[in-house]
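Undergrad: Residue numbers (my numbering), protein chains in the order written: chain U, 1 to 214; chain S, 1 to 214; chain D, 1 to 235; chain C, 1 to 235.
Rather than coming from a laboratory, the hints here were simulated on the basis of the structure.
A few of these clues could be false.
Straight-line C-alpha distance at most 30 Å; calculated DSS-like pairs for lysine-lysine [said to hold, decoys possible]:
#, chain 1, residue 1, chain 2, residue 2
1, U, Lys148, D, Lys84
2, C, Lys185, D, Lys136
3, C, Lys160, D, Lys160
4, U, Lys148, U, Lys190
5, D, Lys84, U, Lys121
6, C, Lys68, S, Lys124
7, S, Lys121, C, Lys65
8, D, Lys133, C, Lys136
9, D, Lys84, U, Lys124
10, D, Lys68, U, Lys121
11, S, Lys156, C, Lys133
12, U, Lys124, D, Lys185
13, U, Lys124, D, Lys4
14, C, Lys74, D, Lys133
15, D, Lys133, U, Lys121
16, C, Lys68, S, Lys121
17, S, Lys156, C, Lys136
18, C, Lys223, D, Lys136
19, D, Lys185, D, Lys160
20, C, Lys84, S, Lys124
21, U, Lys124, D, Lys68
22, S, Lys124, C, Lys136
23, U, Lys121, D, Lys65
24, C, Lys136, D, Lys185
25, S, Lys124, C, Lys185
26, U, Lys156, U, Lys190
27, D, Lys74, D, Lys185
28, S, Lys121, C, Lys74
29, C, Lys185, C, Lys68
30, S, Lys124, C, Lys223
31, U, Lys124, D, Lys223
32, C, Lys65, S, Lys124
33, U, Lys124, D, Lys74
34, U, Lys156, D, Lys136
Chain D stretches covered by chain S per the calculated footprint, using a threshold of three residues with CB under 8 Å from any CB of chain S [claimed, not checked]:
#, stretch
35, 77-90
36, 105-116
C-beta: ideal position from N, C-alpha, C; glycine also.
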Amino acid sequence: MPWTRDDMAALAAQELLDGFYVNLGIGIPTLVANHIAPGVDVTLQSENGMLGLGPFPTEADIDADIINAGKQTITELDRTSYVSSADSFGMIRGGHIQLSVLGAMEVAENGDLANWMVPGKMVKGPGGAMDLVAGVGRIIVLMDHVDKAGTAKFRKSCTLPLTGANVVDMIITNLAIFQRPDRRSPFFLKAIAPNVLPDEVRAKTEAHYLEMPA
Amino acid sequence: MPWTRDDMAALAAQELLDGFYVNLGIGIPTLVANHIAPGVDVTLQSENGMLGLGPFPTEADIDADIINAGKQTITELDRTSYVSSADSFGMIRGGHIQLSVLGAMEVAENGDLANWMVPGKMVKGPGGAMDLVAGVGRIIVLMDHVDKAGTAKFRKSCTLPLTGANVVDMIITNLAIFQRPDRRSPFFLKAIAPNVLPDEVRAKTEAHYLEMPA
Amino acid sequence: MVQKIYDNAPLALDGLLFDGMVIAAGGFGLCGIPETLIDAIVESGVTGITAISNNAGVDDFGLGKLLKTRQIRKMISSYVGENKEFERQYLSGELEIEFCPQGTLAERMRAGGAGIAGFYTRTGVGTMIAEGKETKLFNGETYVLETGLVADLAIVKAWKGDPYGNLIFRKSARNFNPMAATCGKVTVAEVETIVEPGAFDPDHVHSPGVFVQRLLLATHNEKRIEQRTIRQEAA
Amino acid sequence: MVQKIYDNAPLALDGLLFDGMVIAAGGFGLCGIPETLIDAIVESGVTGITAISNNAGVDDFGLGKLLKTRQIRKMISSYVGENKEFERQYLSGELEIEFCPQGTLAERMRAGGAGIAGFYTRTGVGTMIAEGKETKLFNGETYVLETGLVADLAIVKAWKGDPYGNLIFRKSARNFNPMAATCGKVTVAEVETIVEPGAFDPDHVHSPGVFVQRLLLATHNEKRIEQRTIRQEAA
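The following block holds chain U by itself, in its conformation from the complex (with noise of 0.2 Å):
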């Protein structure tokens, strides 16, 4: 039985350790601030510039000016604080940020990770997607295991252009989850979904990895 898209946003959000300054991408790892354990205390940031989000504003609480970086409407704590786009970059690229939670399109076997534009068609751009991979110190990814054609994401090698060379340190898939305790490591499966058979994930994984250690 594959984890949904809430499952793995929860185990994302065991990596979140107290004090952590996290960063979350737009998609499934904004999920993961809603399964934050109790007790645990890590600040978001956002790299439009705002340092410490809350939830999302109820009606009567929507401010225009109040956005994340999926420029969704949101709301402030008590420890919020704005900042403006080079200085958010810098905590981003300063190393400042503990963690940030990531989709991709591909990710490969020695931490290449491509999640920002397919050739041939419309580019959006890469946003803060660079930045982050380059500075932060741990990167998560989130992603079904294999797309819609079935082709693995977890590949030898990216086909589509990089968003960063070597940068991602654990992987959380439906099916399975990768890690590796550094960067000039290979990732070993960590944790594989329940009634999910290792057969099945070698068989839909195209990069090498090592087997669980025992």
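Since the structure of chain U is provided, determine the placement of chains S, D and C on it from the hints.
TA: Below, chains S, D and C without anything else, positioned relative to chain U:
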């Protein structure tokens, strides 16, 4: 009759035009603020992060947190704003300050300026002088025409280590004013102090300069 | 006091517009964009604009208005989704685009405004963004050289401005506006409110008046929301 | 909430000090210097410090205290006048100094904190400061490459701080403090007042809490004035 320090400051003040943002160096240049013509609106900047300097405080108004770059106590105006040192030098380096008035040990006929160190003596450091001459639109030097030993300070070339290469636009000494229309042109003699003869200026100047335009 | 306040946007832009010019604009998505000035530039008919802006607006709002009228020749942006007309012009080759990672774009604008000709960043190393650009090793890591950006004109939106041109932004509408203000040879700011001289606490000013040559009261403050997301009120 | 507030300076510095370390300090002259933390570092006896600081204090105040005890091995500064003990150690070769133009120093600290490995500036081109450094032409003008600075520890002084580490500085005491806060691997801030969570307007915060790992109430706030200049009260 050579110009006094106040005369020199008053002459420099005439170069401050309406709407200018101006940085005044430590020493005689500070006096320039006392001679700004009524009706000429000038905003003084101090490189430690204050834009819009007011006059010195009264004894009752002294605030240790309001100082200029000379570390003198100062006051605010209704236009004042504070920025960090990085942002302050962003203004300076980015060409947003129209004019700076500085002291000098030597100026060369090609516009080189030396005002920060004498080899063999204790070196205090360049402070913000190198940034100012590299970034501010127009640089006016206020200095005595000759040093204590009677040696010309406006020279063929600087003997002292430079603060900036080809950065001076105007020189006001106690004897004369030299100016040039741009940094590819030579200096010309623009004015002489009352009752000082051109020959005296010539004798006390090592630099080549053009005569006063008719 | 030098008069920085102009009665309306056409007057504030008078003499500043010319075909082929570079315009930097503040704003992120539709948040904190200079709506009033964009409309005036549409009206002016100036063409061949190179626009430095994180985004390209949507079809009928923000910079999208200048795309619709084909006044923009080139965009320097990080993300241009949400705009069909943009897509059409881009795919047909009418519009040129220089993609720039968002943090690199913000830093390039800041650098241009601060007299920094270029800087080395890890962002984009090993990607298409770094192709053709110089790289350099620092402590064994590769960095790519990015250059400062300067615009003929910068247009920004602020919450409050005083007659000296001091600006205060509001919440996440700050975004690219402070950097845009620094990187314009001339900067025009539209503000939601003009306050009296001395109304600002000097420690609260985000963008000091030295960066703003002209100021006007914004007449367009629609502040359209792109992604209206809400939670249900707790019962 | 993660506990960032420490009871006193020795506790706030506990485990962070080691011989030969690099310490960045905020302050300009004696304005906005972390007096309480400097005293605690004197007490700690840590030696061989490389200090990144615009100035070196005076003989018996500011970083001058750490010079007197010979705990500093090297200074990276723009101006070190007003300090006789500094002069003596420097001339005798006991103390090393790396002079950096003031704006370049501020930018190097900002760059180090913002992941910018190096940047090109016109400041210092054609002077001793540029000797041995790479230069590069941009638009026909020569720029010199300066590198980002990172410190093992940054010590800063703020006016107000909240339990999240958000800081607000006061007037020209801001100066180098925000950049110092960003360039420390660990940053400790002493504040004149600790406020309740939520007491700050999010638009007024100068240095966001992400940069501050430890915070303490400053016990030394002498704020010595170097150049007491006054005008006579108008009659």
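Undergrad: Are the hints correct? Go through all of them and say.
TA: Against the structure, the hints:
1. Lys148/U to Lys84/D: 25 Å, holds
2. Lys185/C to Lys136/D: Holds: lysine 185/C and lysine 136/D sit about 23 Å apart, inside 30 Å.
3. Lys160/C to Lys160/D: Holds, because 24 Å separates the two Cα atoms, which is no more than 30 Å.
4. Lys148/U to Lys190/U: 24 Å, holds
5. Lys84/D to Lys121/U: At roughly 13 Å apart (the allowed maximum being 30 Å), lysine 121/U and lysine 84/D satisfy the hint.
6. Lys68/C to Lys124/S: 18 Å, holds
7. Lys121/S to Lys65/C: Between lysine 121/S and lysine 65/C the Cα gap is close to 24 Å, so the pair holds against 30 Å.
8. Lys133/D to Lys136/C: 14 Å, holds
9. Lys84/D to Lys124/U: This hinted pair holds, its Cα atoms lying about 11 Å apart.
10. Lys68/D to Lys121/U: 21 Å, holds
11. Lys156/S to Lys133/C: 27 Å, holds
12. Lys124/U to Lys185/D: Distance of about 29 Å is within 30 Å: holds.
13. Lys124/U to Lys4/D: 38 Å, violated
14. Lys74/C to Lys133/D: Answer violated: lysine 74/C to lysine 133/D is near 36 Å, above 30 Å.
15. Lys133/D to Lys121/U: 25 Å, holds
16. Lys68/C to Lys121/S: Given that 30 Å is the threshold and the Cα spacing comes to 21 Å, the pair holds.
17. Lys156/S to Lys136/C: 28 Å, holds
18. Lys223/C to Lys136/D: Measuring from Cα to Cα gives roughly 43 Å; hence the hint is violated.
19. Lys185/D to Lys160/D: Holds, at about 22 Å.
20. Lys84/C to Lys124/S: Holds - the C-alpha atoms of lysine 124/S and lysine 84/C are around 11 Å apart, at most 30 Å.
21. Lys124/U to Lys68/D: Roughly 18 Å separates the two Cα atoms, so the pair holds.
22. Lys124/S to Lys136/C: Distance of about 28 Å is within 30 Å: holds.
23. Lys121/U to Lys65/D: Within the cut-off at roughly 24 Å; holds.
24. Lys136/C to Lys185/D: 23 Å, holds
25. Lys124/S to Lys185/C: 29 Å, holds
26. Lys156/U to Lys190/U: It holds: about 18 Å lies between the C-alpha atoms, which stays within 30 Å.
27. Lys74/D to Lys185/D: Answer holds: lysine 74/D to lysine 185/D is near 19 Å, not above 30 Å.
28. Lys121/S to Lys74/C: OK: lysine 121/S and lysine 74/C at ~19 Å, within 30 Å.
29. Lys185/C to Lys68/C: 26 Å, holds
30. Lys124/S to Lys223/C: Holds, because 23 Å separates the two Cα atoms, which is no more than 30 Å.
31. Lys124/U to Lys223/D: This hinted pair holds, its Cα atoms lying about 23 Å apart.
32. Lys65/C to Lys124/S: With Cα atoms ~18 Å apart, lysine 65/C and lysine 124/S stay inside 30 Å; holds.
33. Lys124/U to Lys74/D: 15 Å, holds
34. Lys156/U to Lys136/D: Holds, because 28 Å separates the two Cα atoms, which is no more than 30 Å.
35. 77-90: Contact hint for the stretch 77-90 of chain D vs chain S: violated, 0 residues under 8 Å.
36. 105-116: Satisfied; 6 residues make the cut.
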